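**Student:** In case you want the letters, here they are:
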Amino acid sequence: MVQQSTQGVATPSGDPGVQRPGSQSVLAWASRNARLLAPLLTLICMVIFFSFATEVFLTTQNLQNIVTQIAPIAVAATGVTFVLLCAEIDLSIASVATFTGVMAAWLWVGDVFALGNWGIPVSILIAAAIGVLNGYMVAYIGIPSFMMTLAMLTIARGMSVFVSSGKPIFEVPPVLKQLGSVSSQVFGIPVIGIFAVAVLILGEFVLSYTKFGRYVYMTGANREAAEMSGVNTRQVVMLSLVISAVTAGLTGLLFIGRLSSANPSSGEDILISTIAAVVLGGTSLFGGEGGMRNTILGLLIFGVLSNGLNLLPNIPITFKQALQGIVLLAALLLNVFALRIERVQTRNE
Amino acid sequence: MAGTEATESAARPTLPLPPLDAAAEPILAFRGVTKRFGGATALDSVDFELLPGEIHGLVGENGAGKSTLMKILSGVHTPDEGKMILRGEAVQFTSPAEAKARGIGVIYQELSCMPALSIAENVFLGSQPTNRSGLINWKQMRRDASHHLGSLGIDVDVSSPAATLSLGGQQLVEIARVVFSGASIIVLDEPTSALSGPEALRLFRAMDELKARGTSLVFISHFLEDVLAVSDRVTVLKNSRKVATLKNEGLTKQHLIQLMIGHDADALAESYVGGVTLPPPSQAETVLQVEGLTQAGSFHDVSFAVRKGEILGIFGNLGAGMTEVARVLFGRERATSGAIRLDNRLIAPKSTRAAKQMGIAYLSENRRATIFPRHEIFKNITLAHLDQIVGGIVREKREIAISTDLVQRTGVRPPSPTLRAGNLSGGNQQKVVLAKWLTVQPKVLILNEPTRGMDVGAKREVLDLIQALRAEGVAIILISTEPETVLAESDRILVMSKGQITKAFAGERVSKDLLMNYA
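Line by line, the protein sequences are chains A and B. Residue numbers for the first sequence follow my numbering, beginning at 1 and rising by one. Residue numbers for the second sequence follow my numbering, beginning at 1 and rising by one.
Read the hints as simulated data drawn from the structure, not as lab findings.
Under 7 Å between C-beta atoms, here's a sample of chain A residues computed to sit facing chain B: (1) ARG214; (2) ASN222; (3) GLU224; (4) ALA225; (5) GLY230; (6) ASN232.
These numbers were taken from a predicted model, which means no experiment stands behind them. No residue lacks a Cβ here, since even glycine has one placed at the ideal position from N, Cα and C.
Make a model of the complete structure from these sequences and hints.
**Tutor:** Now the structure itself:
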């Protein structure tokens, strides 16, 4: 208000609405889509850089490695995308993943219950139940998702240790081993990668082509307005947290398949990687904007960076983690600037 | 009424005010202050004088210029023309902080108490007394706070949280904060709208106490009784101009309403100013019936019925409880007691979704709570009835096609459904929200301030659309704080005041001042 009125005084005849010449329409289009183009640009730059800087980056073997490395994170990131779009957060994904994996292995080994392969759907159901608990507490009781899922992080981690008595379980269902291993491929593509892509595509379908997906966006964009449009926003938030728990559970299964063992004290690092990948892709932490396409880009950036840095010669191995963080920060900065451009562009239209 | 003409011409800058206390030098004076926003004049060469130790009431209709005057006074706006003289010295505030530093304090309608902090901390918010080492001197703070509040007639334990106080109590705490930060001029914006009778009396006592100490108070309100109860003088604004400043001796509410509405030529042209004759009550079937609806703390024993193809207007001032009634009907809030019948069936909408599915639609008065500025217009429009519109799979093409029709029907400009809603002006955003409720024809359409902030043309378009919906048999509840809108469009009219229905008009002649008299 203040700004408007003083502007009116300062430039009484100012006319900001001058028509842009047609040659600038490409720029306008780019500005409008900056949320997708900024991470894409980052990705392209990285791929070009690593292709020239290392000899092995562009080999089939290495690309297969990248796919296998990011596939489990990609599955969890699909669910986290729903949660972030709702303007909520899920900090329990890593622990839920570990717990689901431990449960599947534990039920396979059968010290108490021997369910065989049925342990797999049962452990996924357990993950879903965790999601229901998260969602109910957040959406209906009103505990902030940050606190609720932080508590669930501890609970699920503790349950993994309790169930497995704190020791890794070295027998896992062979189905999962086949799914998780680098060597199982279809036309040279690791099966685990195909699985992850299928989950991402399903996520994109739900987000962009179903009623629920639209509700997720609108609930995240303005919860009160969604409520005043007759959207059951509590249900939307709850379901998003259930989806996130289920995809985290699937990630846990992929992990024990890849490692051929379930370790109750590992896997915590995927929490940061997953959320980082989603945010790097350009999905807003404040809800309502972004989507699965952004998440895919974020995952690729993340995968290429972690893989590429390992291939670089002449960099002390002890410095790599810090360097990875620095590059991610740079990518986030690019996103922020891109969004500023996008905002200005859409405001002026 | 004889004084009206004389004082009307006093709005011109050169004429002196009616002789008042000639001895007193005004602590603050506006001389020919004009403020424009774009093409619209919000304040037109207004003179205004505030004497030391007086309570000065400021009244006028919505849009008369009250809040602009207040915002100039508090440094939010700077005048385009004219002078503001504070203690005999011409001043120009560039920020609210500057006004505050010069001793002008404002108590806004929305309180800014921190409910979790103690009462003492709230009194000293931002200026806590410190001891020599720079730490907060809690002892002194508590002692001073309880002393200050005691002098305003509040005797409370200042170490308990502010949330334990009633709304009126919190208001007094804010007044105390402003007073003891050194304000000698205090502006109160609609302070009584949320207060109960006894609480308002307590506020008035505190105001009198401040006045006795030489503080000057500006009291802005729609509640004319309240203004008349405490003010020494009252200034009436109308259409951005000052109509009169009157001594509060023998003034009546009727008198003030006459001055606020006035009888100038172009207003007379509009029939509703003189009054409208409501049509004979409709005999169509009752769609929505409300009996003894009560929500503790906001409205009490509200009963009415709306028939098919009828517009029921509800008029009242801000805080009269109309919005709360609407929110209960739309399932956003729960009633404490009472019954709601839709098509003769008892209903109790538990959620907005439930209400929507029963055929109740609600256009909220709060635009921030209705629009998705960063999303396309068509997504804003299709959200409420997405399932009926797209079925199983969302196809944006179909959504855009449906929205294109509705955008034209409601007169959204520019009429392109793929534009982001945030790029539209406020009035056009309101049309988008209206369009949202027309994707599927509702049985009951509740409109809360549907034309607020719109220019005359847009207003007409929306009102025409509402009349068209009425003709199609929709039962419409039209809630507004603008008497013109309610008068011009309604079949029957209810007036609400402080949570209760004070009057129901049907089939008779109603005028604006009659409406305002009951509010």
